[in-house]
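**Q** If you want the building blocks of each chain, they are given just below.
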Amino acid sequence: MAQGVCIITEFREGAFRRVSFEIASEGRRIADELGEPLLAVALGEGVEAVASDLGGYGVEKVYVVDDALLKDYRAETYVPVAAEILQNLSPKVVLTAASVDGKDFSARLAARLGAGLATDCTELKVEGGGLKAKRPMYAGKAFAWCEWSDGTWPQVASCRPNVMDCLAADASKKAEVEKADVALPAGNLTQVVSIEKDAGGKLDLTEAEVIVSGGRGMKGPENFAMLEELAGILGGTVGASRSAVDSGWRPHADQVGQTGKVVTPNLYVACGISGAIQHLAGMSSSKYIVAVNKDSEAPIFSKADYGIVEDLFQFLPAFIEEVKTLKSTC
Amino acid sequence: MNIVVLVKQVPDTETKIKIGADGKSIETSEIKWVMNPYDEYAVEAALRLQDSVGASVTILSMGPERTVESIRTALAMGADTGVLVDDPATEGSDGLGKAKVLAAALKSLEFDLVFCGHRAVDSDENQVGIMVAELAGIPHLGLAVSAEVTDGKVKVQRPIEGAKVTMEAILPALVTFGGAHAVWNPRYASLPGIMKAKKKPLETKTLADLGLSADEVGAQAAKVSVTAMEMPQERQPGRKLEGDTVEKAKELTRLLHEEAKVI
Ligand SMILES: Cc1cc2nc3c(=O)[nH]c(=O)nc-3n(C[C@H](O)[C@H](O)[C@H](O)COP(=O)(O)OP(=O)(O)OC[C@H]3O[C@@H](n4cnc5c(N)ncnc54)[C@H](O)[C@@H]3O)c2cc1C
Ligand SMILES: Nc1ncnc2c1ncn2[C@@H]1O[C@H](COP(=O)(O)O)[C@@H](O)[C@H]1O
Numbered sequence: 000m001a002q003g004v005c006i007i008t009e010f011r012e013g014a015f016r017r018v019s020f021e022i023a024s025e026g027r028r029i030a031d032e033l034g035e036p037l038l039a040v041a042l043g044e045g046v047e048a049v050a051s052d053l054g055g056y057g058v059e060k061v062y063v064v065d066d067a068l069l070k071d072y073r074a075e076t077y078v079p080v081a082a083e084i085l086q087n088l089s090p091k092v093v094l095t096a097a098s099v100d101g102k103d104f105s106a107r108l109a110a111r112l113g114a115g116l117a118t119d120c121t122e123l124k125v126e127g128g129g130l131k132a133k134r135p136m137y138a139g140k141a142f143a144w145c146e147w148s149d150g151t152w153p154q155v156a157s158c159r160p161n162v163m164d165c166l167a168a169d170a171s172k173k174a175e176v177e178k179a180d181v182a183l184p185a186g187n188l189t190q191v192v193s194i195e196k197d198a199g200g201k202l203d204l205t206e207a208e209v210i211v212s213g214g215r216g217m218k219g220p221e222n223f224a225m226l227e228e229l230a231g232i233l234g235g236t237v238g239a240s241r242s243a244v245d246s247g248w249r250p251h252a253d254q255v256g257q258t259g260k261v262v263t264p265n266l267y268v269a270c271g272i273s274g275a276i277q278h279l280a281g282m283s284s285s286k287y288i289v290a291v292n293k294d295s296e297a298p299i300f301s302k303a304d305y306g307i308v309e310d311l312f313q314f315l316p317a318f319i320e321e322v323k324t325l326k327s328t329c
Numbered sequence: 000m001n002i003v004v005l006v007k008q009v010p011d012t013e014t015k016i017k018i019g020a021d022g023k024s025i026e027t028s029e030i031k032w033v034m035n036p037y038d039e040y041a042v043e044a045a046l047r048l049q050d051s052v053g054a055s056v057t058i059l060s061m062g063p064e065r066t067v068e069s070i071r072t073a074l075a076m077g078a079d080t081g082v083l084v085d086d087p088a089t090e091g092s093d094g095l096g097k098a099k100v101l102a103a104a105l106k107s108l109e110f111d112l113v114f115c116g117h118r119a120v121d122s123d124e125n126q127v128g129i130m131v132a133e134l135a136g137i138p139h140l141g142l143a144v145s146a147e148v149t150d151g152k153v154k155v156q157r158p159i160e161g162a163k164v165t166m167e168a169i170l171p172a173l174v175t176f177g178g179a180h181a182v183w184n185p186r187y188a189s190l191p192g193i194m195k196a197k198k199k200p201l202e203t204k205t206l207a208d209l210g211l212s213a214d215e216v217g218a219q220a221a222k223v224s225v226t227a228m229e230m231p232q233e234r235q236p237g238r239k240l241e242g243d244t245v246e247k248a249k250e251l252t253r254l255l256h257e258e259a260k261v262i
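Chains D and A, in that order, give the protein sequences.
Each residue of the first sequence is one higher than the one before, counting from 0 in numbering that gives the first Met the number 0.
Each residue of the second sequence is one higher than the one before, counting from 0 in numbering that gives the first Met the number 0.
Any given hint might turn out to be false.
[Claimed, not checked] Cut-off 25 Å, straight-line C-alpha distance, at most; resulting in silico cross-link-like pairs (DMTMM-like, lysine to aspartate or glutamate):
1) D:K323 x A:E257
2) A:K260 x D:E206
3) D:K286 x A:D121
4) A:K23 x D:E146
5) D:K260 x A:D11
6) A:K17 x D:E296
7) A:K15 x A:E233
8) D:K131 x A:D21
9) A:K249 x D:E208
10) D:K196 x A:E147
11) A:K15 x D:E296
12) D:K131 x A:E229
13) D:K260 x A:E229
14) A:K163 x D:E208
15) D:K260 x A:D121
16) D:K260 x A:E233
17) D:K196 x A:E160
18) D:K131 x A:E90
19) D:K133 x A:E233
20) A:K260 x D:E227
21) A:K260 x D:D203
22) D:K133 x A:E90
23) A:K260 x D:E320
24) D:K131 x A:E215
25) A:K163 x D:D197
Calculated from the structure, these hints are not laboratory results.
The task is simple: from the sequences and hints, build the whole structure.
**A** The structure is reproduced here in structure tokens:
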């Protein structure tokens with residue numbers, strides 16, 4: 000009989016990534032509703048040292064595999080190890096992170112387990128003793144509710160980072176930690192050649208609370224300095240429309256939209272972006288949207304909570320000054 | 000070297016999505032169908048290898064008859080042959096079901112590499128390609144923004160949050176492609192290319208041809224399925240701020256701080 004809710008953590012450079020705590024918190028809620036225990040699988044070199052911290056988010060027991068083979072994420076090593084643990088545990092629900100590595104892992108894991116996978120879920124519910132998951136399609140132009148067929152376990156859902164509520168950690172609670180007794184795969188078909196960190200520790204768009212994006216209206220790459228400054232003061236990061244990326248003004252990783260990153264920050268500031276349907280698909284779920292555009296008819300205004308109809312080269316310097324003043328007084 | 004590229008046909012990204020009468024799928028009557036953009040990047044990546052090291056490129060697709068157009072587009076770009084699995088029994092398949100069909104079709108093809116998109120921009124499932132790799136028992140590398148082949152290995156760059164990872168896999172392997180249009184600038188189908196494509200081999204297969212029975216895939220085999228769809232919450236019509244530059248800047252700052260509480 001399938002039993003329990005199990006989360007799979009994401010561990011990088013000696014620490015759990017925040018999304019792990021989000022899925023632990025969500026997992027706790029689901030486990031309570033199902034009346035099941037909350038378990039975790041934690042893989043990675045050095046993960047054993049921090050595994051019990053998951054207790055602070057409601058995890059009861061963590062199965063760890065701490066080995067040099069698992070230093071960096073590779074589907075080839077992570078998937079068979081996690082799959083074997085899960086086959087032994089046979090949980091009802093498996094929650095994973097819909098991060099870059101998490102999505103990669105989840106797909107291969109689900110195939111190995113012969114399980115149904117709902118990717119990038121933004122909301123989970125319990126109904127009829129199982130999971131019901133809401134997920135965006137068409138980059139957020141529509142949402143689907145997914146359900147698993149009767150009696151198919153585990154129900155695997157990857158959860159979009161930064162969307163689900165994260166409990167405040169209760170540091171007094173520790174999870175029980177057990178070394179999982181599994182065979183380590185050879186892992187000789189794939190290899191991580193190198194990992195090069197992005198300069199300046201730029202926050203990824205999918206993880207940023209504030210995004211200041213620029214489009215063709217920015218006129219040239221040099222003018223993005225203004226957006227960098229604003230994003231810097233707001234603790235955010237810079238994004239771009241496809242036009243700005245196609246023009247070579249910004250790296251492809253900055254592209255927001257249906258064929259770029261789909262983002263959900265608290266604040267999205269669109270500067271010199273018209274609001275094409277592919278761009279809107281990627282950012283319409285942001286909590287607050289500000290648009291700065293000199294064309295009052297630009298479609299971006301239909302999505303903006305606050306619209307500024309003005310030349311951005313005139314408006315942004317004044318806005319940056321005001322934000323600086325605010326930040327210096329509070 | 001043989002490369003198989005998995006190509007899905009999806010609604011044009013210009014499409015305004017409307018929910019269909021059944022409440023769980025989209026209205027398709029007015030849709031223009033195109034090759035999934037990420038699959039177009041995968042085709043481009045394969046054709047670059049065809050140019051540089053020599054490769055035969057086969058397009059493999061599952062879908063209804065109209066999918067032939069997307070396969071022809073890839074053939075016109077320079078791919079050599081196409082295979083379409085067209086069988087009504089595949090309808091309603093979940094990710095794993097689709098992967099089973101594609102993996103079965105792959106068995107009858109020669110390949111050193113399988114290329115595909117990291118996601119199809121219709122239902123954004125992010126899984127089918129990788130599941131094919133698992134079912135085919137080959138390694139995969141995901142979200143590549145480059146691909147080189149040397150000494151029986153494929154080497155890719157893969158951007159993750161805050162870093163770029165370079166990875167290698169021994170062939171045969173599957174690679175899923177990400178990046179953006181600007182990374183790949185997929186070639187257009189030239190007029191001579193389009194003429195030539197008409198004569199290139201394009202085979203259509205059914206589940207029976209692949210040795211699969213209808214109950215192994217399709218809606219009844221699906222472990223997970225969409226039971227309802229909804230549109231995103233309409234955003235409240237926002238307001239355009241009035242006044243001169245400094246007034247607007249002050250007001251926006253105040254609103255973001257006091258009303259929205261996001262700065
Ligand atoms: C298959 C496909 C996929 C796509 N995917 C994406 C995607 O993922 N993301 C994406 O963004 N796009 C995508 N696009 C492109 C999309 O259709 C638009 O072309 C693009 O979003 C336009 O970018 P933009 O708003 O920067 O440029 P434009 O549409 O040219 O808009 C520029 C805006 O700047 C304003 N402006 C100009 N000067 C000033 C000034 N001085 N001050 C204030 N405002 C000014 C103008 O009024 C205008 O509204 C895709 C297209 C296709 C075909
Ligand atoms: N019906 C299909 N036919 C061919 N390839 C597909 C099909 N569905 C998905 N794929 C491949 O799998 C990738 C990921 O798709 P998805 O999991 O639907 O997001 C796509 O980019 C395609 O390369």
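**Q** Could you run down the list of hints and mark each one as holding or not?
**A** Hints and how they fare:
no.: 1; hint: D:K323 x A:E257; in the structure: holds, 16 Å
no.: 2; hint: A:K260 x D:E206; in the structure: holds, 19 Å
no.: 3; hint: D:K286 x A:D121; in the structure: holds, 24 Å
no.: 4; hint: A:K23 x D:E146; in the structure: holds, 12 Å
no.: 5; hint: D:K260 x A:D11; in the structure: holds, 18 Å
no.: 6; hint: A:K17 x D:E296; in the structure: holds, 24 Å
no.: 7; hint: A:K15 x A:E233; in the structure: holds, 14 Å
no.: 8; hint: D:K131 x A:D21; in the structure: holds, 19 Å
no.: 9; hint: A:K249 x D:E208; in the structure: holds, 22 Å
no.: 10; hint: D:K196 x A:E147; in the structure: holds, 21 Å
no.: 11; hint: A:K15 x D:E296; in the structure: holds, 19 Å
no.: 12; hint: D:K131 x A:E229; in the structure: holds, 14 Å
no.: 13; hint: D:K260 x A:E229; in the structure: holds, 21 Å
no.: 14; hint: A:K163 x D:E208; in the structure: holds, 22 Å
no.: 15; hint: D:K260 x A:D121; in the structure: holds, 15 Å
no.: 16; hint: D:K260 x A:E233; in the structure: holds, 21 Å
no.: 17; hint: D:K196 x A:E160; in the structure: holds, 9 Å
no.: 18; hint: D:K131 x A:E90; in the structure: holds, 22 Å
no.: 19; hint: D:K133 x A:E233; in the structure: holds, 17 Å
no.: 20; hint: A:K260 x D:E227; in the structure: holds, 21 Å
no.: 21; hint: A:K260 x D:D203; in the structure: holds, 22 Å
no.: 22; hint: D:K133 x A:E90; in the structure: holds, 21 Å
no.: 23; hint: A:K260 x D:E320; in the structure: holds, 18 Å
no.: 24; hint: D:K131 x A:E215; in the structure: holds, 23 Å
no.: 25; hint: A:K163 x D:D197; in the structure: holds, 7 Å
Taken one by one, the earlier hints all hold for this structure without exception.
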